[in-house]
Amino acid sequence: MTIAGKYEVVIGLEVHAQLQTASKLFSGDSASFGASPNTHISPITMGHPGVLPRTNRKAIEYAVKMGLACHCEIEEDNYFARKNYFYPDLPKGYQVTQHTTPVCKGGYVTINTPTGKKNIQLNRIHLEEDAGKSIHDLDENYTCIDLNRAGVPLIEIVTEPVLQSSEEAWQYVTVLRKLVKWIGVCDGNMEEGSLRCDANISIRLQGEKKLGTRVEVKNLNSIRNVKKAIDYEVERMIAIVESGGTIIQQTRSFDAGNDTTFALRDKEEANDYRYFADPDLPPFHLTKDFIKTMQVSLPSLPEQLATQYQQEFGLSEYDAAQLCDEKATADYFESVTHFCKNYKAVANWMLGPIREYLNGNNFSFDQLSLHPEVLAELIKLVEEGQLNFSVASSRILPSLINGKRSPLQVAEEMDLLQVSDSTELEIWVNEAIRSMPDKVAEYKKGKKNLIGLFVGEVKKISKGKADPRSVKTLLEQKLDENTII
Amino acid sequence: MFSFSSIQDYHVFLTGNPNGCVTAVGHYLSVIEEKKHLNAFLEIFANDALQQASALDVQRATGKPLGKLHGVVIALKDNLSYKGHKVSASSRMLEGFISIYNATAVEKLLAEGAIIIGRTNCDEFAMGSSSENSAFGPVKNGLDETRVPGGSSGGSAVAVQMGMCMVSLGSDTGGSVRQPADLCGVVGLKPTYGRISRYGLIAYASSFDHIGVFANTVDDAALVLESISGPDEFDSTVSQKPVPNYLAQKEKGKKYRIAYFKETIDHSRLDKEISTQIKSFIDVLKADGHTVEPVDFDLIEYVVPTYYVLTTAEASSNLSRFDGVKYGYQSSVKTTDLTEWYKQTRSEGFGKEVKRRILLGTFVLSAGYYDAYFTKAQQIRHILVDKAKEVFSNYDAIISPTVPTTAFLLNEKAKKDPIEILLADIYTVFANLTGIPGISIPLFKHSNGLPFGLQVLTEHFNEEGLINLSREMTKLKQ
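Sequences listed follow chains X and C, in order. Mind the numbering: the first sequence is residues 1 to 485 in this note's numbering, read in order. Mind the numbering: the second sequence is residues 1 to 478 in this note's numbering, read in order.
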């Protein structure tokens, strides 16, 4: 047995997702990212004497939606508590949180593993307000505080300690990130800190029941770093145990510069946050009707939708999964299906030429300026043989995007419509046959596969306008006749 | 002398006096100056008040509609935010702090045409019953300058008592309006929890804090209450109930069913003469046709401990924001350690009583003590709420003394066990624990020459009944 094989890795993840509400959790200040420091602040955000909180209803709706999307049980009777501690970026000296009474309990998130699907059990999802930002490296003598973030609504999604590898953690955060974006509660932007992850990691001997001493790694600001930090940490822990040492309970931070972690603080005597119900906020009750409304308002989730696409539209598993990668992609697909029943063709167009165009411009499907009906028309022209696919995708499509004309207009103007009119076709076919008398002879002697060469020649002569199917039929007719032209 | 028995009289005066508001402000400014030594005011907003007054005089002259409190000269306790003005909660901790927004109550006062003449001294962060716990020196009782005016809203009580303004606002977390009103001989009204928005009132204990009114008459207090009550989008604990017209006098001539707790009127700490005078007033009420009956209240010894456990717990958290980082006092002691700096700043910035309550509140919320103190006190609070419901299912009102004694000497209680002074709140905290409205009306005079009041309590949101009954009682006593 390898050394690594002796041990089992146990990981629990806490993911903080900033809710994309217009305003903060308890004030009307803007919750948007990227403004100049300390511009999204009012007396409420600054914790001025005498101010009071008012709960943003949207934030509660988003938290409940996320809970429902993760199959959680939704708590009907809720309240906010105060978590008391001092820090300069915490203006009130306490954080308002649902730490002890989360709005969503239990639930799971499904991930794919090499051995099949696995449900990652959640402990809870709760609402809380974000703290401000302390910037330590801007000034030599001072820490700078930006309170724009203070009070932005967060949900904290906490798993049970059930993830067994950095790979699973990577999968889980990927799926979770896709999910929050899919249901529209968070933009999932890890670089801007909209989605942040802390990992609780421990190791134990295979078969051991008791959990090992855990280390918490903070500041994992990309999915890749979640994996790297866990890999590093597991290796570090195994090395300690193998050399006879003891792992100490610590909070560590990931250094993306060299892919290692370093200790922030050893676990001191447990902090006593003195939680108690915030007397400024009355308890809030969620009615069954409200929860039902939230359930109904949830879009079909990616997995459901992918299955549906396979069953209803006859798409391959791969195509269905690709279309369900982002909500915007699936939405666009569905809007095209209202105008076009050739679902496979819609998928091919979207995952082929259109995606290529979007990738090239760094756009996503919601930024695509191509009306679904226009795409449907284009598909129809190809289907009817009026356009060939490569001409349609390489020449017509670019001028349809951002344009105002119909595919037919564009094709006509560019003189790209295929001709299946027999008189004109006959002229081109005759010309081709005439230009290659020795090939005609060979063909007649039985080299039937030369037909492709003739078709190619007609294509050349017609500048791509000849419909290849009609051309082939006509050629066969002519060559099989015993007439010499 | 410039003097009015009510706001109504003053409004009559204004109709014949084009410069009436300016005259009024001038008058009150001179009384404030004359009574400066009582230390009732921390700051006079003379220029602002005069400007407001002349604008109001112009408004009247042009025939524009006038607010309910048109020209009424009012003082604010120094824990209410008034935009562009200092507010300190009588604490060194808020040194130099200027409010950048208006409390909702202040906003409403201004909208109704009131003139804000200054901010009044009080116990630091409203913690105290004597107005001696101020970083800016004690307030003196205008009727006997060797005595306290009560607290914590002592400055606001004295301001009305000595005619330095017509009415004033205070705050009442455990009796801080009713108790000084009692000791100063004025009307002190605390409405139902949630009747007046707390937005802009510097928090002591959020679930106990109320804005209250000092006035010379019940009607004046009612008018101010009506003007500043009502829904507010900035306070989630405020009631959405519409505000009635408190001066409508709907219940004129009504015979009330009144209860009193035996344990309060026969309490060992209660001054004998206060007990006797109230008992004889009960006879007067009965003779007038009201029903007055004793009701058992065996929980009386629990109310003060319950009150202090819960209020200090909330205070320990509410006062965390005063850390010197964003505003207010900062220690000049040089240190590079953040925790050390917090300790220095808060140790120097807060006074002794405030620190005592922060420590007590931190203790009762600490792991290991939480259930024994905080949880238990919450349970008792629920029992008290049920008790109030039970009483009001049979009675319109509960009466009691407001305070067990008349005004005590300055420094008298501070020297003693601090617990001693806490027990003076025994009659008033019930209304804050349960959120019911209460008033202290100045009906009595002690043989020692000092005034004292009667406390009347009614059911949640029955301010109308409270005001009507208080008016009836005042008439009966005359």
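Derived by calculation from the structure, the hints in this document are not laboratory data. For every residue, glycine included, the Cβ atom is placed at its ideal position computed from N, Cα and C. Keep in mind that the hints are not guaranteed to be accurate.
[Unchecked claim] Quick list of simulated restraints, FRET-style, between CB atoms:
id, chain 1, residue 1, chain 2, residue 2, range
1, C, Glu233, X, Asn189, 54 to 62 Å
2, X, Ile248, C, Glu233, 44 to 52 Å
3, C, Ser393, X, Lys288, 28 to 36 Å
Verification of the supplied hints:
1. C:Glu233 to X:Asn189: 54 to 62 Å: Once the Cβ atoms are compared, 31 Å apart, the range 54 to 62 Å for X:Asn189 and C:Glu233 is violated.
2. X:Ile248 to C:Glu233: 44 to 52 Å: Hint holds: Cβ distance 50 Å, inside 44 to 52 Å.
3. C:Ser393 to X:Lys288: 28 to 36 Å: For C:Ser393 and X:Lys288 the Cβ distance comes to about 32 Å; the hint holds.
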